[in-house]
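Generate coordinates for the entire structure from the input sequences, incorporating the hints supplied.
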Amino acid sequence: MDTNIIIEAFRTRCWKALTSYYRVETVEKCCEEALTGDRLRPGYVEVEAKVLKEKLTIHRVESMEQAALALTCPDVDALDAGERHLFAHAHGRSDAWIATCADRAAVRIALTLGWKERLCSLEVLSKPTGAKPMLKRHFTEDWLSQVRTDFMLGKLG
Amino acid sequence: MNELIQQRLKAAREEAGLTQAELSAKLGFKDRQTLAAIEAGQRKISAEELLRAIKVLALDLDYFTDSFRLAGEGRFSWRTQDGAPDKLLKEFEDKAGRWIATWRRLGELQGAKMSALQPSLALSERSSFEQAQAAAEKLVEEWKLGDVPADSLENAIRKLGTLVLYVDPPQSISGAACQVPGANAILINRKEAEGRRHFDLAHELFHLLTWEQMPPEHAERVELQYQGKGKQKRIEQLANNFAAVLLMPERVLQKQWQTREGQEIHKRLNATASDFLVTATALKWRLTNLGWLAKDDFAKINDAKLTFNGRPRDQQPQPGLFSVEFVKRLHVGLAKGQLSVRRAAEILDLTIESMADLFREHKLAAPFDL
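Protein sequences appear in the order of chains A and B.
At position 1 of the first sequence the residue is numbered 1 (the numbering used here), and the sequence of numbers has no breaks.
At position 148 of the second sequence the residue is numbered 148 (the numbering used here), and the sequence of numbers has no breaks.
Heads up, simulated EDC-like pairs for lysine to aspartate or glutamate below, C-alpha to C-alpha not over 16 Å straight-line:
{"#": "1", "chain 1": "A", "residue 1": "Lys136", "chain 2": "B", "residue 2": "Asp369"}
{"#": "2", "chain 1": "B", "residue 1": "Lys30", "chain 2": "B", "residue 2": "Glu49"}
{"#": "3", "chain 1": "B", "residue 1": "Lys336", "chain 2": "A", "residue 2": "Asp150"}
What follows is a set of in silico ranges between Cβ atoms, one per label pair, in the way DEER data are often shown:
{"#": "4", "chain 1": "A", "residue 1": "Asp38", "chain 2": "B", "residue 2": "Ser46", "range": "35 to 43 Å"}
{"#": "5", "chain 1": "A", "residue 1": "Pro42", "chain 2": "B", "residue 2": "Ala112", "range": "33 to 41 Å"}
{"#": "6", "chain 1": "B", "residue 1": "Leu61", "chain 2": "A", "residue 2": "Arg13", "range": "34 to 42 Å"}
{"#": "7", "chain 1": "B", "residue 1": "Lys328", "chain 2": "A", "residue 2": "Lys116", "range": "26 to 34 Å"}
{"#": "8", "chain 1": "B", "residue 1": "Gly146", "chain 2": "A", "residue 2": "Leu35", "range": "50 to 58 Å"}
{"#": "9", "chain 1": "A", "residue 1": "Asp38", "chain 2": "B", "residue 2": "Gln318", "range": "17 to 25 Å"}
{"#": "10", "chain 1": "A", "residue 1": "Lys53", "chain 2": "B", "residue 2": "Ala112", "range": "43 to 51 Å"}
In case anyone wonders, no lab produced these hints; they're calculated from the structure.
Note that CB positions come from ideal geometry on N, CA and C, so glycine has one too.
Next comes the structure, spelled out in structure tokens:
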């Protein structure tokens, strides 16, 4: 999960349900981003460090993983540090995993990397957990489906 | 082969003053040909080799892989009010470099037309002030800048393919000219008075149009009567002469100045400066250079009474952050997934919420709901 998903899961109060149902993983940079922010700005979502890390597996991403991804997919510079680190970590894994993204560029690059079947919306992910979060559009299956279609039609990038 | 990495590896090696043979030895290659092939795009670099290069050249991964950053390219000339500290300039230059690189990168992805030609003025440091002034008068005609050139100058500059960005730099920075391959830019402090912004724009334009023959200093102080010495003094004086004529061409100025003949000198200067959307101080020097200010009038001028910087402050519109064209290109970039929302916010040094405000400020709907 990347920073956007973590923040939305906290905003909609489905984080505990998600981490109880799945083995949720992220990278250090995404945690750092989720925990950083101006508390005084409108729309700020409080992510409590203790709650965030309670059942979360957090990976450290080495320079070698980042370099390997940059060489495989030069376009990865379109992503921010957290997204890039998460993709670098995922790129080096061969076991079973699914990723959830809510950003067009992140979805485009995931599809470029051949992760079509691994992408899942937060909406779909939260269904079996029993949580019924009121998600913003980017976190819905409709949105993800539209971005996938746009990618297939060559409208992205 | 990743073209960016090959270009930047070569640039970093040259910047470090190393030959291919020397860097090859440091990287542990058996011969120079391996590095030559990598730099020519004929052989892929491996992740291990790239990390070794990063270590040897004391750079970071982003230097080689981030196309939204200037690396080993781009020259800046800053205009500062009171000599901004180097550290402050360096930090702001790094940010500004990212904006310009983003503009260029998104332009490439969006198929924006970029001319292979670099416009320039046929002037050198040996040119006379009269020649610089004549060049400005010609541009006023050629670009049809009209009776208030300050009003249409920005559009004319954009047509040259130069990016104009209105930014919020640290207070001591007024603006900058940035010469970047494929993306020349002028940065203007949008919080400055309108008249000063216009003068900065015209002054920086001069630097962009004469950079090769008269490279400006990395940082110069804003002074209508430049106090520096030698060659740089000459360049800044030429730039100020050019800017003054570009904003106040003789033919129009003569008409406006004569209309107010007989008025009290401060009132006359302030009102005429307002007509041209320039500072009254800039007008004073323009009139002095034209020989249109009588000696006793000049002696009577109290600079503290030259209060109008273009129009009265409360009637001056403040430009939106960056520019419409920049924000539009960013909008398309986000809508097409050419960069992520968080990445854009990181580059612009804004929060996601303030980036949504930026789009609204430029009358565009934010292309995200995060």
